[in-house]
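Trainee: Letter by letter, the chains look like this.
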Amino acid sequence: EDKVVQSPLSLVVHEGDTVTLNCSYEVTNFRSLLWYKQEKKAPTFLFMLTSSGIEKKSGRLSSILDKKELFSILNITATQTGDSAVYLCLGSGNTGKLIFGQGTTLQVKP
Amino acid sequence: NAGVTQTPKFQVLKTGQSMTLQCAQDMNHEYMSWYRQDPGMGLRLIHYSVGAGITDQGEVPNGYNVSRSTTEDFPLRLLSAAPSQTSVYFCASSSGLLNTGELFFGEGSRLTVL
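In order, the protein sequences belong to chains X and G.
Per the working numbering, the first sequence starts with residue 58, numbered consecutively.
Per the working numbering, the second sequence starts with residue 12, numbered consecutively.
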């Protein structure tokens, strides 16, 4: 059965800290892994990863995929209170069946 | 510039009632899907469609029906609502099985079943 597991489930840090969020996956005919940020409403897209070892970067956020070990990490450096959100990892195979992880709730304190 | 439109945003039902959550997208996306989100459980896939006339089950399909008669619309039907279906529902679409890298979400529909 396909599954995506995120860790930790929740995290509290202070502004300026660096955090690493983890996502492991088992997805049939794996195609890509995506990261989303969810605040009050619908998730918003952060990254899509399809190839091992190639870091995707956007400002203070970066992510990388390891297809051999079946995991991905999302790094956030110099965290700000605006980074407080639920971060979701999504595994995609080529069948259309998309599997989300449980999410990591990040709280950044001033 | 509508994107993905879900209606209604809020709904309260009594156990046993039926209803349809509407989802429409104006981006000509082939792929559409429905998720439910419960506290601590992330988003769970209910049903999805890779094109008009094609639907398939996700992780938690029981109690829900879908159809895809047009590319634009993907309604989700609750035939006999149960309290366990109290949740926030999201519809999402994408062009060609996520090959553009993004799943576009609607604003969500909060459903309460009493």
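To be clear, the hints were calculated from the coordinates, so they are not data collected in a lab.
Quick reminder that beta carbons are idealized off the backbone N, C-alpha and C, glycines included.
Among the clues, some could well be false.
[As the list claims (entries may be wrong)] Just some of the chain G residues that point at chain X, by a computed CB distance under 10 Å:
(1) Phe21
(2) Val23
(3) Ser44
(4) Gln48
(5) Tyr75
(6) Glu83
(7) Asp84
(8) Pro86
(9) Phe101
(10) Phe115
[To be verified] 27 Å max Cα-Cα, derived BS3-like pairs, lysine-lysine:
(11) Lys154(X) <-> Lys166(X)
(12) Lys166(X) <-> Lys98(X)
(13) Lys166(X) <-> Lys125(X)
(14) Lys20(G) <-> Lys94(X)
(15) Lys94(X) <-> Lys60(X)
(16) Lys98(X) <-> Lys25(G)
(17) Lys114(X) <-> Lys25(G)
(18) Lys154(X) <-> Lys125(X)
(19) Lys113(X) <-> Lys125(X)
(20) Lys166(X) <-> Lys124(X)
(21) Lys114(X) <-> Lys60(X)
(22) Lys60(X) <-> Lys98(X)
(23) Lys154(X) <-> Lys20(G)
(24) Lys20(G) <-> Lys125(X)
(25) Lys98(X) <-> Lys124(X)
[To be verified] A few chain X positions that, by computed beta-carbon distances, are all more than 10 Å from chain G:
(26) Glu112
(27) Leu145
(28) Lys166
Trainee: Name the hints, by number, that the structure is in violation of.
Mentor: 1, 2, 5, 6, 7, 8, 11, 13, 17, 20, 24, 25 and 27
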